[in-house]
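Based on the sequences and whatever the hints tell you, model everything.
Chains as they are written, first to last, in the working numbering: chain W, 1 to 307; chain E, 308 to 614.
Hints in this document: simulated from the structure, not taken from any laboratory. Just so you know, not all the hints are guaranteed correct.
What the hints assert, rightly or not - Partial selection, computed: residues in chain E whose CB lies under 10 Å from chain W: (1) VAL347; (2) MET352; (3) ASP379; (4) SER383; (5) ARG431; (6) ILE517; (7) ASP593; (8) GLN596; (9) PRO600.
Unchecked claim - Partial chain E-side listing against chain W, Cβ under 7 Å, derived: (10) GLY334; (11) GLU399; (12) ASP427; (13) ARG451; (14) GLN581; (15) LEU583.
If you're wondering where the values come from, they're calculated on a predicted model, not measured in any experiment. Built from N, CA and C at the ideal position, the CB exists for glycine as well.
There are 2 protein chains.
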Amino acid sequence: MTFDEGAIIHHIRARFPGGADLHDDCGLLPEPLVGERLLVTTDVMESGQHFRLDWHPPRLLGRKLLAVNLSDLDASGARPLGFTLTLALGREVGADWILELLEGLAEGAEAAGIPVLGGDTVGRAEGVGLGVTAYGTAARWLRRDHVRPGDRLYVDQPLGASLRGLRKLQAGQRWDPAQPDPDLAAHLDPRPHLGLGRRLADLREVHACIDLSDGLSRDLRMLAEASGVSVRLASDLAEDELRGGEDYARCFASDAAQADLEARLGLGLRCVGQALERGSAPLLYDGGQGLRPLPDLSFDHFAPEVR
Amino acid sequence: MTFDEGAIIHHIRARFPGGADLHDDCGLLPEPLVGERLLVTTDVMESGQHFRLDWHPPRLLGRKLLAVNLSDLDASGARPLGFTLTLALGREVGADWILELLEGLAEGAEAAGIPVLGGDTVGRAEGVGLGVTAYGTAARWLRRDHVRPGDRLYVDQPLGASLRGLRKLQAGQRWDPAQPDPDLAAHLDPRPHLGLGRRLADLREVHACIDLSDGLSRDLRMLAEASGVSVRLASDLAEDELRGGEDYARCFASDAAQADLEARLGLGLRCVGQALERGSAPLLYDGGQGLRPLPDLSFDHFAPEVR
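As structure tokens, this is what we get:
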């Protein structure tokens with residue numbers, strides 16, 4: 001690598017909102033407004049595990065790295081305030097790759113209107129590890145553990161597109177910016193409805209929310225377990241929709257009528273299930289053979305195989 | 308690896324201060340007192356680059372990971388409030404190694420009295436990447452950029468021990484807990500004077516402070532450049548002391564007399580230089596052939612070689 005730590009920091013200072021303030025052992029976190037709370041979330045993406053260097057254009061990867069963290073903040077009802085960044089860069093990535101990654105990250109930061117607050121850049125023998133820790137401020141912290149029996153569960157966008165995109169990549173299809181495939185775009189360059197979570201937090205009839213990143217069969221399980229309820233899943237969900245992964249939809253629980261929610265939010269929703277008093281399993285699904293417990297179908301992020 | 312993400316999170320919840328609160332997309336940052344500011348710092352340690360799996364007992368590594376971040380906060384005048392943690396774990400580390408690492412981290416968190424606020428655990432093919440992002444609150448943010456011409460620069464502990472420890476490891480010596488070698492301890496299990504930075508921030512006669520992690524020849528250069536001064540280094544500094552690396556001393560600038568500072572702080576200090584009006588180079592050193600610019604002698608964290 002011809003692009004050293006000093007050059008990377010110099011570029012971040014010049015190109016990122018807030019970069020000019022990076023000159024100390026520590027960075028300053030922005031202050032929340034009075035009555036708001038400061039939330040934090042962190043995600044690491046490892047090459048070979050969460051992305052492949054030969055599949056993922058670095059500019060899209062940089063945008064995705066920030067988007068997945070902002071999606072977590074948003075699903076908690078928070079407005080983003082800033083982020084810190086860690087880069088662990090193996091010898092196989094050169095200056096062009098790093099500059100494109102930083103360009104995607106800077107685009108994401110500009111679109112969200114948030115500064116970089118600090119970071120750390122290190123080398124490693126091979127592979128790439130990318131980390132973002134993002135901060136936001138919430139008037140109401142929309143958590144996982146307040147689903148009430150009787151609530152319906154809604155999602156704000158179609159499920160399964162990212163999984164289809166991954167399968168297309170595994171089958172040999174590659175990203176072509178001249179002819180962007182929507183499934184590949186969902187996987188490589190996700191665009192969660194940022195801002196929707198904060199609007200949901202303003203509605204008292206919305207009781208809980210989660211960011212769908214591991215797939216409905218795992219994320220809804222965590223929601224049900226945290227809230228001490230069971231969820232009966234809608235019977236029209238296809239297996240890919242249950243399995244999912246990296247959907248980055250907001251999934252929320254509410255006792256308001258669907259039409260009322262859609263009118264107030266100005267967007268279409270899909271009902272993916274209904275909460276019941278806690279039963280024999282967190283998730284129940286009728287796949288045609290009667291109501292059965294649904295196992296965790298999701299991709300295991302911790303598996304050593306390249307996804 | 309037989310120890311999966313769920314088992315690691317379960318262990319963190321049970322063993323770490325604040326772990327029981329880890330159950331959402333986001334964690335809650337503690338609030339600073341009125342009139343204080345919230346600071347953030349982040350460090351990544353990569354196997355093969357910042358530590359070697361075959362040299363570094365995982366319990367000591369866990370303590371060090373937290374200590375290096377708390378050292379940065381302390382040198383900025385902050386009291387620690389909490390941290391987030393990211394683990395990227397290759398297949399070569401098993402459950403025992405991971406449990407020992409977490410034990411060292413939990414010991415460090417308990418000693419500092421701070422909770423874990425969130426995190427992310429992922430797998431990777433090989434190697435280990437460890438990340439901590441730590442938060443603190445400061446009544447006065449002690450920065451790098453306020454050194455004044457005439458200030459003397461002091462350090463609170465001997466320099467070069469960690470570098471000697473690294474050389475002993477490179478020469479084949481290994482950590483023996485029954486006969487702990489002080490140089491190996493300085494490298495593998497650093498114990499910075501946490502709390503001293505916050506006391507320095509209370510002294511108006513202390514103008515700037517930096518955590519010595521890259522060695523005096525690089526860290527003092529950054530201090531001098533940020534403050535727009537030159538620093539004439541003490542002529543009694545040996546090359547290992549100038550080169551250093553991972554000393555984790557507080558290095559601060561003050562116009563108070565050394566004896567007065569020592570009496571007020573209750574500890575011995577060493578004067579490592581004096582700030583001058585900005586001259587031809589940030590660092591000047593008389594190694595016996597007259598005053599010359601001192602080059603950056605430090606270890607390059609970004610070099611691909613195993614240190």
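We went through each hint and held it up to the structure:
no.	hint	result
1	VAL347	holds (5 Å)
2	MET352	holds (8 Å)
3	ASP379	holds (4 Å)
4	SER383	holds (4 Å)
5	ARG431	holds (4 Å)
6	ILE517	holds (7 Å)
7	ASP593	violated (27 Å)
8	GLN596	violated (28 Å)
9	PRO600	violated (18 Å)
10	GLY334	holds (5 Å)
11	GLU399	violated (11 Å)
12	ASP427	holds (5 Å)
13	ARG451	holds (5 Å)
14	GLN581	violated (22 Å)
15	LEU583	violated (21 Å)
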